Amino acid sequence: MSAELPFTIDSFYRLLAEGKLMGARCRSCGRLLVPPRPVCPACYGSDMEWVELRGEGVVESYTVIHVAPPRFQAETPYVVAVVRLDEGVRLPGRLVGVEPEDVKVGMRVRVELLPEPGQEGWPDWPTYRFRPA
Amino acid sequence: MKGEPLAAVVSAGMTRFGKLPGFSARELFAMAFKEALDRCPELDPRRDIQAVFVGNMAGEGWEHQGHWGPICADWAGLVPKPATRFENACASSGAAFRWAVLAIKSGLVDIALVGGVEKMTHRTTQESTEFLAFASDHPFEQFHGLTFPGLYALMAVAHMHRYGTTEEQLAMVAVKAHKYGALNPKAHFQKPVTLEKALSSRVIAWPLKLYDCCPISDGAACAILVRPDLAKRFTDTPVYVIATGQGSDYIGLYEREDLTTIRATVEAARQAYRMAGIEEPVKELDVVEVHDCFTIAEIIAYEDLGFCRKGEGGKMVEEGRTDLDGDIPVNVSGGLKSKGHPVGATGAAQIYEMFLQLRGEAERGRQVPDAEVGLAHNVGGSGASCVVHIFRRG
Numbered sequence: 000m001s002a003e004l005p006f007t008i009d010s011f012y013r014l015l016a017e018g019k020l021m022g023a024r025c026r027s028c029g030r031l032l033v034p035p036r037p038v039c040p041a042c043y044g045s046d047m048e049w050v051e052l053r054g055e056g057v058v059e060s061y062t063v064i065h066v067a068p069p070r071f072q073a074e075t076p077y078v079v080a081v082v083r084l085d086e087g088v089r090l091p092g093r094l095v096g097v098e099p100e101d102v103k104v105g106m107r108v109r110v111e112l113l114p115e116p117g118q119e120g121w122p123d124w125p126t127y128r129f130r131p132a
Numbered sequence: 000m001k002g003e004p005l006a007a008v009v010s011a012g013m014t015r016f017g018k019l020p021g022f023s024a025r026e027l028f029a030m031a032f033k034e035a036l037d038r039c040p041e042l043d044p045r046r047d048i049q050a051v052f053v054g055n056m057a058g059e060g061w062e063h064q065g066h067w068g069p070i071c072a073d074w075a076g077l078v079p080k081p082a083t084r085f086e087n088a089c090a091s092s093g094a095a096f097r098w099a100v101l102a103i104k105s106g107l108v109d110i111a112l113v114g115g116v117e118k119m120t121h122r123t124t125q126e127s128t129e130f131l132a133f134a135s136d137h138p139f140e141q142f143h144g145l146t147f148p149g150l151y152a153l154m155a156v157a158h159m160h161r162y163g164t165t166e167e168q169l170a171m172v173a174v175k176a177h178k179y180g181a182l183n184p185k186a187h188f189q190k191p192v193t194l195e196k197a198l199s200s201r202v203i204a205w206p207l208k209l210y211d212c213c214p215i216s217d218g219a220a221c222a223i224l225v226r227p228d229l230a231k232r233f234t235d236t237p238v239y240v241i242a243t244g245q246g247s248d249y250i251g252l253y254e255r256e257d258l259t260t261i262r263a264t265v266e267a268a269r270q271a272y273r274m275a276g277i278e279e280p281v282k283e284l285d286v287v288e289v290h291d292c293f294t295i296a297e298i299i300a301y302e303d304l305g306f307c308r309k310g311e312g313g314k315m316v317e318e319g320r321t322d323l324d325g326d327i328p329v330n331v332s333g334g335l336k337s338k339g340h341p342v343g344a345t346g347a348a349q350i351y352e353m354f355l356q357l358r359g360e361a362e363r364g365r366q367v368p369d370a371e372v373g374l375a376h377n378v379g380g381s382g383a384s385c386v387v388h389i390f391r392r393g
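These protein sequence lines map, in sequence, to chains A and B.
Everything in the first sequence is counted per numbering that gives the first Met the number 0, starting at 0 for the first residue and increasing by one.
Everything in the second sequence is counted per numbering that gives the first Met the number 0, starting at 0 for the first residue and increasing by one.
These are computed hints drawn from the structure, not numbers from a lab.
There's no promise every hint is true.
[To be verified] When the alpha-carbon atoms are kept at most 35 Å apart in a straight line, the in silico DSBU-like pairs for lysine-lysine are as follows:
| no. | chain 1 | residue 1 | chain 2 | residue 2 |
| --- | --- | --- | --- | --- |
| 1 | A | 103 | B | 309 |
| 2 | A | 103 | B | 314 |
| 3 | A | 103 | B | 196 |
| 4 | B | 282 | B | 314 |
| 5 | B | 33 | B | 190 |
[As the list claims (entries may be wrong)] From chain B, some residues computed to sit far from chain A (all C-beta separations above 12 Å):
| no. | residue |
| --- | --- |
| 6 | 41 |
| 7 | 42 |
| 8 | 64 |
| 9 | 68 |
| 10 | 138 |
| 11 | 139 |
| 12 | 182 |
| 13 | 196 |
| 14 | 207 |
| 15 | 229 |
| 16 | 251 |
| 17 | 317 |
| 18 | 393 |
Just so it is clear, the structure is predicted and the values come from calculations on it, not from any experiment.
No residue lacks a Cβ here, since even glycine has one placed at the ideal position from N, Cα and C.
Just chain A, same shape as in the assembly (with noise of 0.2 Å):
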């Protein structure tokens, strides 16, 4: 299927709910785009090719949110991680399966998928989530 999936963060998120955390390598120069682009910001090939990320990493920075938009409020205090996977690229998600105050900038995690969406109305991606590893 993912072969006839633009290279878009749509498809990255409808990857999601067939196990797969994908991001797209440019052709032309060999960057890893995630999420996905149509165009190469570096070299702006369009030739792309999806790539399966191994979804583990470290936590290079963390928060934790006490105050949040409405439909976030219920769920504080939760904490947003930005995880340098190991293929190179970052990626910003929750953190669960800690506590707050035992997160470590260094650790090691790895993603978790959640096929269903994650809220109501748009967008109705499936999402993704970080455990320690």
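Using the hints provided, position chain B relative to the given structure of chain A.
Same frame as chain A, now just chain B:
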């Protein structure tokens, strides 16, 4: 030639910042404009002003209202002059100002009204949190519950981890801001705060606490900008714009090479210093307004503007080097932290402060003695845009 005037500010106006119940954005804009008119009796607005440039971030959210250019022209009594709204998140009116400078420099416009406005406090904090987050990446930041304070918290944790910056140093930025805000009759908060109180305030997005965050405010500010050779027709003491710079960065914080640097600031400053011929900012700038939407943002701004080496911003505030009597006074207006941050108005309010400081008209206790050259630094969102202007007294 370096440092030649590009345009001149001949008047400026600003409402008080804070909770201003019952006033909508258009009315605040008109009130700021009225002050600018009162300061400049030689200006006949309908005869002289040829174009209106307005900064507003997200009136669509807060007031269910877009199309701010003509609305502000209308409430300023300037229909049918051309009027355009600029949106660069919290750098909206800094951007509006830059494009007014360019319009004047182009020769197409001789005299412009530039301003900014935001009306925020009538909505809940959660609603404002959502509207402010519009300026961040939706699919990977907003969608996962990241907030505007959350993004700066990510920068803070990275800065603390790499450079040893402390929560106390962050709080010192707030203490300094409130010290000067207490002396500014237009500031949202006009009282000092102790380090202990700042450190013990409730967590908003760890490690940022309430006193690390600027408030949600209402307000408007504006300036009358003219061709340099026309300045003396309106005032004996114009403030000249001698440099303008603007830069961009990746919208997603997670895509940036370095979480502890705002590259848009580095780029905007590089352009502006070059245009002004400034090589040693700490020695050559007398007064600076930086975009301290969060305390960490001020520390990062010191570094990105070249006031100190990377990683030493925390030490700089701790040593008092950016106090009124320090090497380079920063945010003696109270900054966004204490003066308030009606987002679309902030860039214009920084220029209002430059106008006061470089004419020696700021209040006692926060006026930089004999200030000649100043810099205003206005950042959009989590740093995907930045505008820097440098001013010199006439």
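The hints, checked one at a time:
This hinted pair checks out: residue 103 of chain A and residue 309 of chain B have alpha carbons roughly 23 Å apart, not beyond 35 Å. Of the supplied pair hints, the one linking residue 103 of chain A and residue 314 of chain B holds, its CA atoms being roughly 24 Å apart against a limit of 35 Å. Note on residue 103 of chain A and residue 196 of chain B: the hinted pairing holds, with a Cα-Cα distance of about 27 Å set against a maximum of 35 Å. As the CA atoms of residue 282 of chain B and residue 314 of chain B are separated by approximately 18 Å, the hinted pair is consistent with the 35 Å bound.
Proximity of residue 33 of chain B to residue 190 of chain B is assessed by CA-CA distance (about 27 Å); at most 35 Å being required, the pair is judged to hold. In this structure residue 41 of chain B is separated from chain A by more than 12 Å, as the shortest Cβ-Cβ distance comes to about 48 Å. Residue-level check passed: residue 42 of chain B sits 43 Å from the nearest beta carbon of chain A, beyond 12 Å. For residue 64 of chain B, the shortest C-beta to C-beta distance to chain A comes to about 20 Å, beyond the 12 Å cut-off, and the non-interface label holds.
No Cβ of chain A comes within 12 Å of the Cβ of residue 68 of chain B; the nearest lies about 28 Å off, and the non-interface call holds. Separation of residue 138 of chain B from chain A is inadequate, the least Cβ-Cβ distance of about 5 Å not exceeding the 12 Å criterion. Residue placement check: residue 139 of chain B does not keep its beta carbon more than 12 Å from all beta carbons of chain A (closest about 6 Å). No beta-carbon of chain A comes within 12 Å of the beta-carbon of residue 182 of chain B; the shortest separation is about 29 Å.
No beta-carbon of chain A is positioned within 12 Å of the beta-carbon of residue 196 of chain B; the least distance is around 18 Å. At the 12 Å boundary, the C-beta of residue 207 of chain B falls inside the reach of chain A, the nearest C-beta of that chain being 8 Å off. Residue placement check: residue 229 of chain B keeps its beta carbon more than 12 Å from all beta carbons of chain A (closest about 43 Å). Not every C-beta of chain A lies more than 12 Å from that of residue 251 of chain B, the closest at about 8 Å, which undercuts listing it as non-interface.
For residue 317 of chain B, the requirement that its beta carbon stay farther than 12 Å from each beta carbon of chain A is met, with the minimum near 22 Å. With a closest Cβ-Cβ approach of about 43 Å to chain A, residue 393 of chain B is found to remain outside the 12 Å limit, as its non-interface label requires.
In this structure, the hints that do not hold are numbers 10, 11, 14, 16, in rising order.
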